[in-house]
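Chains as they are written, first to last, in this note's numbering: chain Z, 596 to 1000; chain L, 649 to 1067.
Simulated from the structure, these hints should not be mistaken for laboratory data.
As the structure is a computational prediction, the values presented were derived from the model and not from experiment.
Treat the hints with caution; some may be incorrect.
As the list claims (entries may be wrong) - Non-contacting residues of chain Z with respect to chain L, defined by C-beta distances greater than 10 Å in every case (computed): (1) GLU681; (2) ASP797; (3) ASP857; (4) GLU932.
Claimed, not checked - 20 Å max Cα-Cα, derived PhoX-like pairs, lysine-lysine: (5) L:LYS969 - L:LYS935; (6) Z:LYS648 - Z:LYS676; (7) Z:LYS700 - L:LYS978; (8) L:LYS809 - Z:LYS901.
Cβ atoms here follow ideal geometry from the backbone N, Cα and C, with glycine treated the same way.
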Amino acid sequence: MGRLPFEGIRVLDFTWYAVGPVTTKYLADYGADVVRIESAARLDGLRLAPPWKDAQPGVNRSQFFASFNSSKRGITLDMSKPAAREIFLRMLPWADVVTESFTPKTLRNWGLDFERMRAIKPDLIMLSTCMQGQTGPHRDYPGFGNLMAALSGFYHVAGYSEDEPCPPYGAYTDFIAPRFSACALIAALDYRRRTGQGQYIDMSQYEAALHNLAPMLIDYFATGRVLGPAGNRSDRYAPHGAYRCADEDGHERWIAIAVADDREWSELTRALGAEDRGGRFATMRARMGDRAALGEFIGAAVRSRKAGELTAALQGAGVAAYPVQNCMDLHHDENLEAFDFWRWLDHPEMGPSPYDGLEHRMSRTPGDLRRPAPTLGQHNDEVFREILGMDAAEIERLRKDQVIY
Amino acid sequence: MRSELLKGLRMLDLADEKGALCGKIFADMGAEVIKVEPPAGCPSRRIPPFLEDRPGPDRGLNFLAWSAGKRSITLNLETADGRDLLRLLAQSSDFLVDAFPLDYLDSLGLGHDALAELNPGLIHATVTPFGDRGPGRNYRAADIVGWASGGAMFLMGEEGKPPLQMSVPQAWLHAAGEAAVASMIAYYARAADGRGQHIVVDMQACVVWTLMNEQAMPLMHGDYLRRSGVFSGAVGGRRKTVYRCADGFVSFLIAGGPYLGSTNAVIAWMKEEGAAPDWLTREGGLKALTPSGFMAATAADLEELDRTEAVVQKFFLGKTKKEMWANILKRRMFGAPVANAADIAADPQLKARDYFVTVEHRGLGRPLTMPGAFAKMSATPIGPQGPAPQLGEHNEEIYGGVLGLSAREIVELRAVGAI
């Protein structure tokens, strides 16, 4: 205990929005010194996005930004200025890893491609993550994860029918890619430790996200079948879906239920106190044969029940079920609470703020949110003094010239 | 060729579909991933849909996708000999991943503490639905239940209709991907002192992490978001995010803030084609569009945006997905076709990057094409290492080659039902 896995690993982090910052957060929460390089001249858009402290916008008031940037330090450099690029190159030997998530032409325009950096830092690991990768005709496509979720097929498999698409919430692929890019980045660190060799990692958010639709793509290539949306219909479970329960305090309540076999079905009916007259739905074949009638049967049986109580009863009978939780429910969820998921960190401007915690827990070297997200340029003095030995006068001059900006 | 990245590392994969992606990621990175299956085969082999809708142990599309590149051995954990074999395997392995009910391995004497006594370096990840501490520690969870518990389902679908999941279920994939990251972190930690550890992954928390921080909204802005179909429901108004076009749908958003340039570009395009009403192109642009905010503020702004969406929708009806995509790329607009498998398979960008990989599946007697490398790594290229294995395909290789058992011993273990 005591030492965190990535203590001593240093990251200069140009990434912004979600995929890059969530990736480097894995390193930061486990001890790496991750220094976000931002600029007021080109603000990370998440700093402007809600939710905001007291519902009031401000560059240091977004929890959207904060949640993805715990445990990091923050500096500002306006990289459009040659003097800022010079400062970055002076900092480069300090770093083990450089990360960025701009469109590919941005770093090239700054004269900062991997080859240039590697000449200065031969064992550098660099991660570039963008929408569609560093090569190919669409490499400079700018966009967000919600558009990528449409392009990579998630919108097409979401909806009540072909004619009624209902996309997954938000920038969905932003939350697939980081798990892949973090694996690649950590493995590259380990490879460097073993061999002394750094490398360049070209991540396409699109290509990572498609792994979450691999069965659909294998199917298409093999048979030409184009999978579409199917509501909550399953070929594996019946019943399978969300069913309306009793409203509570004027809020609608639903429960998700999935029944895998006939034994579970009889347990379900017993726990619901609902009689399957004549064993109409006793077999999986029968239940799948008339999903509409089955849905009505379950719907009627749960409509006046409370979703929470029903969950306990069904799980007690060995049936997979849980309330369909809204974002407020998540904060009262006893399982998330027992996992110690929600973390309150005291941010310099926002005060105590609700951060998402880790999605896993380790027995021996547990990571944690070690500090709140940095305010814009919060660590300028500290970092420039520490890494480059700058004195207060030089930092002040660079501030005045809006190089540190 | 096995990737050099994790070459020489071994993972025992005891997980069914709930953790399958973890081993898949490790296999893609060059680790030797041994799928330890009960004699009847991993339950994930029986998950529909199947290739050509014909069931069979090698035909499940989920299995073909997420077991690609793994080895398969059969091992009956319910026999004493089988448990001994697992202990032997654990001694020469670096990783173990499982998705059993929490106390199952302990009840067999194969929990993390027991295995760590034999191999202190073993890194063991357990994928759970609701963690290991709460009242739901023994709950069961199908994918849709995880999607519901973590808040994603409530936000998908139309108001007044049931909340939705996607028809390629996603919740377990997030948990299994998280198990891969955590296993890599623990592996990096192991270099310091040679010791492994136990990791518990919480699927519900993994799903919460897909919500784009909407989860903090009720605490900071006082209310929770309702699902709203194809409309984005962020503060300040509902904006349409999916438009119908001539042969399908496109994703597009009319707004200010980061979408300002894109919105102006579509207005310019409509003007070029004589499809923009005068009010849309008047001097100074739309009042609703501000460079700073994501969303419009006043009722008049919202009304203006609604009118704009209506004329944009009409314009898009005359364009195909392909025309839309070409113009989105050319005019640098924020949009994308709602692509299906056929569109993705034909995408010139993925072709230019040699993304898809074809592997020969001996059991099926046919090649299968699947997603390729999830990252392009300059020094240690990665990617699928082969097809999904047939049941017990590598028994001789692993039991003979790795554990050094003789052919006779293997026959005997088969006879007593351990293999």
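Checked hints:
1. GLU681: For GLU681 (chain Z), whose nearest Cβ neighbour in chain L is about 26 Å away, the distance exceeds 10 Å, so it holds.
2. ASP797: The assertion about ASP797 (chain Z) is violated, with a minimum of 4 Å to chain L.
3. ASP857: The claim stands: ASP857 (chain Z) keeps its Cβ more than 10 Å from every Cβ of chain L (closest is about 15 Å).
4. GLU932: Answer for GLU932 (chain Z): violated, closest chain L Cβ roughly 7 Å.
5. L:LYS969 - L:LYS935: 30 Å, violated
6. Z:LYS648 - Z:LYS676: 32 Å, violated
7. Z:LYS700 - L:LYS978: The hint holds at about 16 Å.
8. L:LYS809 - Z:LYS901: 19 Å, holds
In the structure shown, a violation is registered for the earlier hints numbered 2, 4, 5 and 6, in ascending order.
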